[in-house]
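*Asks:* These are the residues of each chain, in order.
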Amino acid sequence: MTDAVLAVDSMFLVAITGMTLVTYAMRAGGYWIMGRIPLTPRIRRALEALPGAIIVSTILPIALKGGVPVMLSLVISAAFMAWIRKEVVAVAFAVAAVAAMRAYGF
Amino acid sequence: MTEQRISLTTGGCVRGALLCLPILPGVIAFGAAFGTVAAQKGLTFAETLLINSFVYAGASQFVAMEVYGDPLTWAGVLAMIGVTAAVNMRMLLIGASLRPWLGQVPGIRTYPALFLLTDINWLLTLRQYNEGERDWGIYLGSGIFTWTVWSLSVMPGYFLGSLVSDPKMWGLDVIMPAFFIALLVPLWKGRRQTVSWAVAGGVAIATWYFFGGYWGILTGAVSGAIAGAYLDD
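One line per chain: the protein sequences are A and B, in this order. The first sequence begins at 692 in our numbering and counts up by one. The second sequence begins at -9 in our numbering and counts up by one.
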């Protein structure tokens, strides 16, 4: 590979194109399929349940990997959200809490 | 039941952009970190900008850099595309859940806009919809804004190294998950959510434990949705 700042390797360009296309296919694919499936009450319920299920499935492994400080800070975020209903506040307290816990060596 | 018409206004776009502000530090730190990794791996500046702005999916870009090697072979290219597909599989589900919201908007507008789909603007859009918002500028504005910030944040990271020496010390790594869990709270309505989330979480953890990687998002989310579909109040 050349060192010029603006040089682009042709194989790398192939990789970028493939990655972009495959990612777009996923971004648009799920949306496209749902336009072709009749929105029965069951499907509607599944779609309603989907966002929460995605969030839970994304967060739990992160929490487990992050250990006690991350888990506690996520609990703090949820608690502040339930109490004040402002996500800015919830995120701010969660970040401050995890930074403080790490500073004290947890 | 008649659905309210979906509209698109500049005001909606601005509101959408403003809603991104709480997670902005997280986006910048993540984008800068990618710039640093790209520089370490020997990508040119132009290559870094291209991959970052076109693929526009942070976690998958990092994983693709793990399998990247110079010189890049066909096997390497396929590996990069393959891991990108695996990490971004969840976008199928995220997009599906937006159908009831954006379905009324003509495809000639939604399909280009879906390029901007990320967890962030998906989550913001969904939350606003549940609260009665019917201006899809929320989606578009937050998407354009996040994409712009993401595209710019890679530059200082590429040239200067990470903006902060240890993002974990400042807790920057929990901004995204904390934001996610904050937006989960208003989605809770009762027993149906409790059960479907428990199913999702159980399956996701089991999948992650046995197979690792990102498959747990997919299996957990699908199981949770199926549980939600068959739970009658």
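Check the hints yourself; a few may be wrong.
[Claimed, not checked] Derived pair list, reagent style DSSO-like, types lysine-lysine, alpha-carbon separation capped at 27 Å:
| id | chain 1 | residue 1 | chain 2 | residue 2 |
| --- | --- | --- | --- | --- |
| 1 | A | Lys777 | B | Lys179 |
| 2 | B | Lys31 | A | Lys777 |
| 3 | B | Lys31 | A | Lys756 |
| 4 | B | Lys158 | B | Lys31 |
| 5 | A | Lys756 | B | Lys158 |
[To be verified] Beyond 12 Å from chain A on every Cβ pair, some chain B residues (computed):
| id | residue |
| --- | --- |
| 6 | Ser(-3) |
| 7 | Arg117 |
| 8 | Arg124 |
| 9 | Val139 |
| 10 | Asp163 |
| 11 | Ala168 |
| 12 | Ile171 |
| 13 | Val175 |
| 14 | Val212 |
| 15 | Ile216 |
[What the hints assert, rightly or not] If you anchor each label on the Cβ, the simulated ranges turn out as follows:
| id | chain 1 | residue 1 | chain 2 | residue 2 | range |
| --- | --- | --- | --- | --- | --- |
| 16 | B | Lys158 | A | Ala695 | 41 to 47 Å |
| 17 | A | Tyr795 | B | Arg99 | 17 to 23 Å |
| 18 | B | Thr138 | A | Ala770 | 31 to 37 Å |
| 19 | A | Ala787 | B | Leu142 | 42 to 48 Å |
| 20 | A | Ala791 | B | Phe201 | 54 to 60 Å |
| 21 | A | Ala794 | B | Ser43 | 20 to 26 Å |
| 22 | A | Arg776 | B | Ala188 | 31 to 37 Å |
| 23 | A | Pro732 | B | Gly202 | 35 to 41 Å |
Quick caveat, the hints were computed from the structure, so don't treat them as lab data. If you're wondering where the values come from, they're calculated on a predicted model, not measured in any experiment. From the three backbone atoms N, C-alpha and C, an ideal C-beta is built for every residue, glycine too.
*Asks:* Which hints, by number, does the structure contradict?
*Replies:* Hint check: 2, 7, 10, 11, 12, 13, 14, 15, 16, 17, 19, 20, 21, 22 fail, others pass.
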